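On the provided structure of chain X, position chain G as indicated by the hints.
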Amino acid sequence: MKMKNVFATLGGIMAVGASIGVLAPLLQKLGNPGNMGICVACFERDIAGSIGIHRAEVVQYMRPEIIGFVLGSLVAALLFREFRPRAGSAPIVRFVLGVFAMIGALVFLGCPWRAMLRLAGGDLNAVFGILGLVSGIWVGTFFLKAGYNLGRTEKTHGAAGLVLSVIMAGFLVLALVYPPITGEPKNDILFYSLKGPGSMHAPLFVSLAIGLAIGFLAQRSRFCTMGAIRDLVLFGQTHLFMGILSLLAVAFVTNLVLGQFHAGFAGQPVAHTMHVWNFLGMALAGLAFALAGGCPGRQLFLAGEGDGDAAVFVIGMIVGAGIAHNFGLASSPQGIGPHGIAAVVVGFAACLAIGFTMRKSAA
Amino acid sequence: MSITVDARGLSCPQPVIMTMAKIKELGSGEFIVLVDTDTSKENVSRAATSKGWEVKDIQPDGEGYRIILAKG
Numbered sequence: 001m002k003m004k005n006v007f008a009t010l011g012g013i014m015a016v017g018a019s020i021g022v023l024a025p026l027l028q029k030l031g032n033p034g035n036m037g038i039c040v041a042c043f044e045r046d047i048a049g050s051i052g053i054h055r056a057e058v059v060q061y062m063r064p065e066i067i068g069f070v071l072g073s074l075v076a077a078l079l080f081r082e083f084r085p086r087a088g089s090a091p092i093v094r095f096v097l098g099v100f101a102m103i104g105a106l107v108f109l110g111c112p113w114r115a116m117l118r119l120a121g122g123d124l125n126a127v128f129g130i131l132g133l134v135s136g137i138w139v140g141t142f143f144l145k146a147g148y149n150l151g152r153t154e155k156t157h158g159a160a161g162l163v164l165s166v167i168m169a170g171f172l173v174l175a176l177v178y179p180p181i182t183g184e185p186k187n188d189i190l191f192y193s194l195k196g197p198g199s200m201h202a203p204l205f206v207s208l209a210i211g212l213a214i215g216f217l218a219q220r221s222r223f224c225t226m227g228a229i230r231d232l233v234l235f236g237q238t239h240l241f242m243g244i245l246s247l248l249a250v251a252f253v254t255n256l257v258l259g260q261f262h263a264g265f266a267g268q269p270v271a272h273t274m275h276v277w278n279f280l281g282m283a284l285a286g287l288a289f290a291l292a293g294g295c296p297g298r299q300l301f302l303a304g305e306g307d308g309d310a311a312v313f314v315i316g317m318i319v320g321a322g323i324a325h326n327f328g329l330a331s332s333p334q335g336i337g338p339h340g341i342a343a344v345v346v347g348f349a350a351c352l353a354i355g356f357t358m359r360k361s362a363a
Numbered sequence: 001m002s003i004t005v006d007a008r009g010l011s012c013p014q015p016v017i018m019t020m021a022k023i024k025e026l027g028s029g030e031f032i033v034l035v036d037t038d039t040s041k042e043n044v045s046r047a048a049t050s051k052g053w054e055v056k057d058i059q060p061d062g063e064g065y066r067i068i069l070a071k072g
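So the sequence lines, in the order shown, correspond to chains X and G. Just so we're aligned: 187 in this note's numbering is position 187 of the first sequence, and the numbers increase by one with no gaps anywhere. Just so we're aligned: 14 in this note's numbering is position 14 of the second sequence, and the numbers increase by one with no gaps anywhere.
Think of the hints as simulated: they come from the structure by calculation, not from any bench. Given the structure is predicted, the values throughout are model-derived calculations rather than measurements. Just so you know, even glycine gets a beta-carbon here, dropped at the ideal spot from N, CA and C. There could be a bad hint or two in this list.
Simulated restraints on C-beta separations [to be verified]: (1) G:E25 to X:T156: 45 to 53 Å; (2) X:L176 to G:K56: 49 to 57 Å; (3) X:I92 to G:I68: 32 to 40 Å.
For reference, chain G alone in the conformation it holds in the complex:
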């Protein structure tokens, strides 16, 4: 089971705060962030990229998106 951050239904800036916390916790590796708005998708991607993480994939997931973040 992969590590998942569920930020669905949470408004700005919670999804970014949760993503940043997970990035800090893991240091490197891969995890999934679930969001339900395009704004959150953009904000999470932008925040992860600024920390040197790669946005590996963004898949539509129900009403929202599954964002797969990775750092080697």
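Only chain X is shown next, with the shape it has when bound in the complex:
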């Protein structure tokens, strides 16, 4: 019998939320973009930019936090014998959900973690994003109640469960071999931003260390922002929800202490004030997360512990970032992109079709 998992207790999940609430604003203090100490969607988008999947010059950086999340989770899973190589639960559907999750998140400009961090930094536009997130997840719970599911996974080869971890380790090697050169937009194969959020980052090893620590803690505690809201709506359970409340409260206090709290709507860092699209972008993302069974952070941690379907979702998000920036779907501080509205409409159509058509039979 293994020892009890202390992180799976109420105190555990709240401690993990609090840790993220301290570390994310700290990363901002150390150089990460405003109200973006950590943003899984934005950072995956920056990774897509760093390897040239899109060429938006202001958002290109090989973010070590993402690499750390996956590898930290892998280490925790191996250490506590929870590494379970598994795959085969409708991977192509998970890919598509990942693509639209990213597109929705980039219309809002942030993942659920960043939505919390934006609010904790005083960005009141985030309120509309969070309301959208809750609405999207709420729609998702109707599908879950109606029998929606993507079918069972199969046990697979150990090496198959390691694929995303190996890709992330490869990204780390690239970041070390081709570091940024002052004033240069490129070092061999990696692109770097000279201005904008992509140019703002904490020192590599600090980002990596904090990423590893959070990856480890989140694997142990099953921290998930989508699950927090879903479990509350679906089962009336508050366990995971206490984790995100803890994150929000502690990040708010940390921002106050660090002088990073500035309340208002206009002029917030990497944010726009188009409330309808902040709401609808995050509603699309929330629906996609609910149908895929986890927020972008949780998908990284699941991938680290061997879930190949979560890994496919992650790759979907990275490709989705490329699509979003190549075709003008992503927002900027000036507002939504030229084709952002069309992308949200298509995204809802795709996610609703997935929710309506993929029921019981596979179970």
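Chain G only, in chain X's frame:
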């Protein structure tokens, strides 16, 4: 043959949904839930406890766990 809910290979929140449905169906008694991850084990146990059911035993079962839930 005891009543068994096989939630192996299903991801969050399916194991909890299936457990809750069985709890609603039975009202009381005893049944087994099969899961294949620690996350599902914790989630199923937490959900059952919140409904007043007791986690009688958790046994390792192949790659996963057999969770025995009971209510008197």
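Each hint tested on the structure:
Checked against the given bound of 45 to 53 Å, the beta carbons of E25 of chain G and T156 of chain X, roughly 33 Å apart, lie outside it. At roughly 52 Å, the beta-carbon separation of L176 of chain X and K56 of chain G lies within the given 49 to 57 Å, and the hint holds. A C-beta distance of roughly 37 Å is found between I92 of chain X and I68 of chain G, which places it inside the suggested range of 32 to 40 Å.
Comparing the model with each numbered hint stated earlier shows that hint 1 is the single one that does not hold.
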